[in-house]
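> Chain by chain, the residues:
Protein chains: 2
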Amino acid sequence: MSKMNAFYAQSGGVTAVINASACGVIETARKHKDKIGKVYAGASGIIGALTEELIDTSKETKTTIAGLRSTPSGAFGSCRFKLKSLEDNKAEYERLIEVFKAHNIGYFFYNGGGDSADTCLKISQIGKKMGYPITAVHVPKTVDNDLPITDNCPGFGSVAKYIAISTLEASYDVASMCKTSTKVFVLEVMGRHAGWIAAAGALASTDDHEIPIVVLFPEVKFNQGKFLKNVNAKVKKFGYCTVVVSEGVAWPNGKFLAETGLKDAFGHSQLGGAAPVVAEMIQAKLGHKYHWGVADYMQRAARHIASKSDVDQAYATGKAAVEYAIKGHNSVMPAIKRISNKPYRWKIEMAPLSKVANVEKMMPKNFISADGFSITKKCREYLEPLIRGEDYPAYGKNGLPKYVQLKRVMVKKKCPNFKIK
Amino acid sequence: MSKMNAFYAQSGGVTAVINASACGVIETARKHKDKIGKVYAGASGIIGALTEELIDTSKETKTTIAGLRSTPSGAFGSCRFKLKSLEDNKAEYERLIEVFKAHNIGYFFYNGGGDSADTCLKISQIGKKMGYPITAVHVPKTVDNDLPITDNCPGFGSVAKYIAISTLEASYDVASMCKTSTKVFVLEVMGRHAGWIAAAGALASTDDHEIPIVVLFPEVKFNQGKFLKNVNAKVKKFGYCTVVVSEGVAWPNGKFLAETGLKDAFGHSQLGGAAPVVAEMIQAKLGHKYHWGVADYMQRAARHIASKSDVDQAYATGKAAVEYAIKGHNSVMPAIKRISNKPYRWKIEMAPLSKVANVEKMMPKNFISADGFSITKKCREYLEPLIRGEDYPAYGKNGLPKYVQLKRVMVKKKCPNFKIK
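Protein chains in written order, with our numbering: chain A, 6 to 426; chain B, 6 to 426.
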């Protein structure tokens, strides 16, 4: 293939390390200037390709690109946008080809989760279907850890580390207070369908130091009686208890906990609040004083306490994506393969994108304890290496991390305007 | 004074660095064995003195005590318990004297906020009023930064650092998503009456990188119209906006945005849930998609990202308290005196406890911007040094901080049982 430019975009909910993957892509492309010209990043993901809003990453300094490795969020902007099938929206594919052609783009790197893998797969096929050859490689990213094939997903290790540490720290806090005040702390974490993030909360309890933690997984139907009994037993034994609840936990009728019950002072329903619902339930039925927190964006943006394993893997998948592409591999994704647990060793392997797209990986049954409220030894062995190691960003004199900002020099438009439907 | 033992206790809501003060007290006492015998710590604060549940800190190793410096929460247990006046509950004071006498306790170190300063003051007076001489020194602690006299309060710098960083990180996140998804992120922080913690959120926006942040202080009466207009203007200009709301923000009629009806042991209303109220309001009136988080205990337990200034000052106040006591100073508190901003220099000065007890320090008017939604340059100059520097705990192979646990060897009881009313 003659030398062509590359398109890179970030998709879906961002993470603490998606920019580390971007760093891997851009730095590796810069090392292969014989094969890849410039890397153009989509402003706000694939939307940037449709609207021809392309950020010229060649205008960013080496230092800035290196700084992406320790900057959270999506530096180029992300989007929640799923391409329809070729049959349903041919105009969008024609537009993409128009933009790719205009800017001599022959490589497509898409950094996202399951939906994005599907988009990437569709793009990889336009060569055959529409006569525009493009090499499309997916770079895995999701805090939810729900991609198949890959042993784990970049983005997850850091949110898991944040949740494990926050659960540990908040548990220390409530243990201090429980004699006369708060006895139960409820922490709400992300994970609409898969309980991987909630599972990380259980890591705070170890053989050296048992901490009474009850985890509510979206994979387990919520049984209020059993749950309250478990919490109460822990409060009796330890004086306190910490509950880690996934936002996706649902009643047996399928309704999310967060949709029910609690109203604010003005009678408005509080949405997205499983934690207050669980906390109020504990107060009403058991009479224990509670506190609750909702980690929301803080958990997935917490680059300040990113897992070193995670940062390394995010970078490595970005790097491998470029290496695959210049070797001509299309419709693939770099996946993480675990070689051993002790010591933790891993490598990057090529996975076919068709097996990744639109498949959601739930917690295996043997990762959830028999009572449904904790994790098994097997799960702990899987999770612990993923939160291992610290990778601190540099700090300024103002006490804040030095996260980079891009110049965002836009590539001159060459195509007519295009309206996204 | 002949050699006597010391009593140390932690009081009120704990912090990321109250154990660093404990470390300062115990390590300094160990250096003055000619003056101070053993340090007995109250199990669950002053309650431990009343129930004669005393933890013998001499049984803890040097390494464990040193490890307290980087362990969050109250290692000895804290309590929300306010001694009544001598007139109202003489029995409790007589009981304290009984326990102090039985264990040869001549020093009383109380580590807490405004209410605790009051308790400490009362104890310091029982020598004169009830004929039991005891040297009582207060060690300042509160995340709320609302103690008078001292320039700032140990515990605040770390929560401020956590909130500034969380605001920065979540703002990066929402900036990535705003094109097609979330446009406003609302973060709820602690601070019932004083807006110091909320103010720290504004530090995330700097001269180098302007971030659209709207702060809601408890000191400023909530004006819904003005607030929504401000948020909307920022969304228009930047594409997104971050709101930092103090739990203590109230409507013009005085009712908290987040009233739950529950009260704590001091009779303060228990709050929680201003964020969802604000977020719903933004959705209903402006139509912007939102996310919200509640930092709750995570913010004050976040030892993993403690401010170095704060850890140093927490230790220094603990150390100074012991040094004051062995010099015979009673009814005092080590206060932090700021010597200069650039470079930030400070020292410890002695303050009379009578001027500290029961006084709450609000944000000065010239620290809040004219529109009521941000901080002034003066405030920034005050706050920045307090979040400066990182003081990371050691980490284990399991990816978690190595927080210490005490052996908690209890001192043998010598007094009859006592029931707290």
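Wrong hints could be hidden among the right ones.
Since the list can't tell identical chains apart, any single copy or any two copies may satisfy a pair.
Within a straight-line C-alpha distance of at most 27 Å, the following computed BS3-like cross-link-like pairs (lysine-lysine) qualify [said to hold, decoys possible]:
{"#": "1", "residue 1": "Lys419", "residue 2": "Lys184"}
{"#": "2", "residue 1": "Lys418", "residue 2": "Lys89"}
{"#": "3", "residue 1": "Lys402", "residue 2": "Lys313"}
{"#": "4", "residue 1": "Lys407", "residue 2": "Lys382"}
{"#": "5", "residue 1": "Lys383", "residue 2": "Lys352"}
{"#": "6", "residue 1": "Lys419", "residue 2": "Lys360"}
Rather than coming from a laboratory, the hints here were simulated on the basis of the structure.
> Any hints from earlier that this structure breaks? Give me their numbers in increasing order, please.
6
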